[in-house]
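Colleague: Please take these sequences and the hints and turn them into a complete structure.
These protein sequence lines are chains A and B, in that order. One point on numbering: in this note's numbering, the residue at position 82 of the first sequence is 82, and numbering is uninterrupted. Heads up, this note's numbering is the position in the second sequence plus 1000, with the first residue counted as 1.
These aren't lab readings, by the way, just hints derived from the structure by calculation. All residues carry an ideal CB built from backbone N, CA and C; glycine is no exception. Just to be clear, a hint being listed does not mean it is correct.
As the list claims (entries may be wrong) - Label-pair restraints from in silico Cβ distances:
no. : chain 1 : residue 1 : chain 2 : residue 2 : range
1   : A       : LYS57     : B       : PRO1012   : 36 to 44 Å
2   : A       : ASN73     : B       : GLU1054   : 43 to 51 Å
3   : A       : ARG117    : B       : THR1342   : 44 to 52 Å
4   : A       : THR13     : B       : TYR1074   : 26 to 34 Å
5   : A       : ASP129    : B       : GLU1054   : 13 to 21 Å
6   : A       : PRO130    : B       : VAL1045   : 49 to 57 Å
Spelled out from the first residue to the last, the chains are:
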Amino acid sequence: MYGTGILKALAVTFKNALRPPFTVQYPDEKVAISLRFRGYNFAWYREKCTVCCTCAKACPVGIIYIVGRLQPNNAYYAERFEIDTGRCLFCGLCVESCPFEAIYMGREFEQAKYARREEFIDWAKKDGDPRVPSSWFRPCEEAGVETHYLQPEQRKVNL
Amino acid sequence: MSQQQNELVTEPVILNMGPHHPSTHGVFRMRVALDGETIVDMEPVLGYLHRGIEKLAEAKTYVQVVTLTDRQDYVAAMTNNMAYVMAVEKLSGIKVPERAEYIRVIMAELMRIASHLMAIGFFLNDLGVFQTVIVYCFREREKVLDLFEMASGQRINFSYMRPGGVIQDLPPQFIPQLKQLLAELPGYFDEYEQLINENEIVLARTKELGVLPADKAINASASGPVLRGSGVAFDLRKADPYSAYPRFQFDIPTGTRGDAYDRYLVRVAEMRQSLRILQQAVEQMPTGPHRTRTPWLIRPPAGDAYAHIESPKGVLGVYLVSDTGISPYRYKVRPPSLINLTTLRDLVVGCKLADCIVIFGSIDVNMGEVDR
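Modeller: Laid out in structure tokens, this is it:
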């Protein structure tokens, strides 16, 4: 009979009308993001970084700017560690390439700024600021182990 | 007087559909010549989304190119990654561990489900079922994207695969959530079929519309659901098995008439077959390493390699030429969307203008892949 298909279809839409909504009212409530979320606002740790610039070379778009100064104890001190997050792909190649686990992806996603200059984040000037590191490519962090103050040989895990 | 009217000569009207028409999938322009409401000629105008990915790849290292492949077909980025890394592995002779092959198959099949859900949603959107089906489809696609986010950290631009395996092993909560999704999805697919399959309006709009005969589809070297909707049982997962596919049991769904409705039916049936493959892959999942150690700067020996896979939209091929440098000498993509799009003119000529959008939606192209 003509019209039964439409009635069947209406049954589906009626069934869905009775289901609870699956959308969230974004600014008021936020969805949970996974531990591995590759997001905004990287985390960089001065005490682990040796200013080897591997991350800057690995970056496909070349947005990491590093200036180092040689100290009397023959170690480099990062005077500038700047990431232009406005042009960042969030591919995570800098995190993957870092041999000392000094840089982590962040877990934030609200990136809107009033000026383009504000998208540059100079981590060398943010020593005391809180960090929200993501556990992407950092299996120890994912397992809940704080690797921050471990020695380099203890930090090594089978990736 | 009436004789004069009969001799009145009319000229076809040229109408530009797009590049920002709400029904075009991405920035695509159709220069349509109309006689009344009937289409007498159609010329696709491409290149609005051209970013020169093939040229950009020549200035990036082999690992960095993975980030570019995400941007080709941005609704099915996992399969793009997979085709590219398979070409690099072929070129440089990198072995892939067993577990990595299974993870890749799981990701590729989940990607096929997500891509087909989007194709069905937009196909019905083009028919005029504004937002109803597409929101249902996006609800299920969200669950698939949640799985991707859990494993790779991103929802669209995954960059998950690397030459020699995948970047990171699956998190421990991935397999339980995947099993839960596998139990849920068949019910939702039943709902779509109840909603669409027998709907008189959908049948009247899509049956016997945009018929692509099998010989024409083969001559145009169409692939994917467009070719299988015409009744040709060609699937690279069976015809040239790669990765872990030889170990899985699945069928190739085909259509009979080759019209827009058949292409829709093939997509739904393919999603059910993907569920079958996923079930088997979860059961057989081996343990072991997920990645072979590869150097950061891969320098393959001089030569070339071609790898092709069955992406959601058809046969996706990647051709790589190496001159022993750290970046590809040439990176060429065989995009399924572009080649399926070449059949569009034959399908729409003679149809009404409103049907042109439906046919275009049934081919399911992605402009990011067409223009690259």
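Colleague: Determine which of the earlier numbered hints do not hold for this structure and return their numbers in increasing order.
Modeller: Checked against the structure, the hints that fail are numbers 1, 5, while the rest are satisfied.
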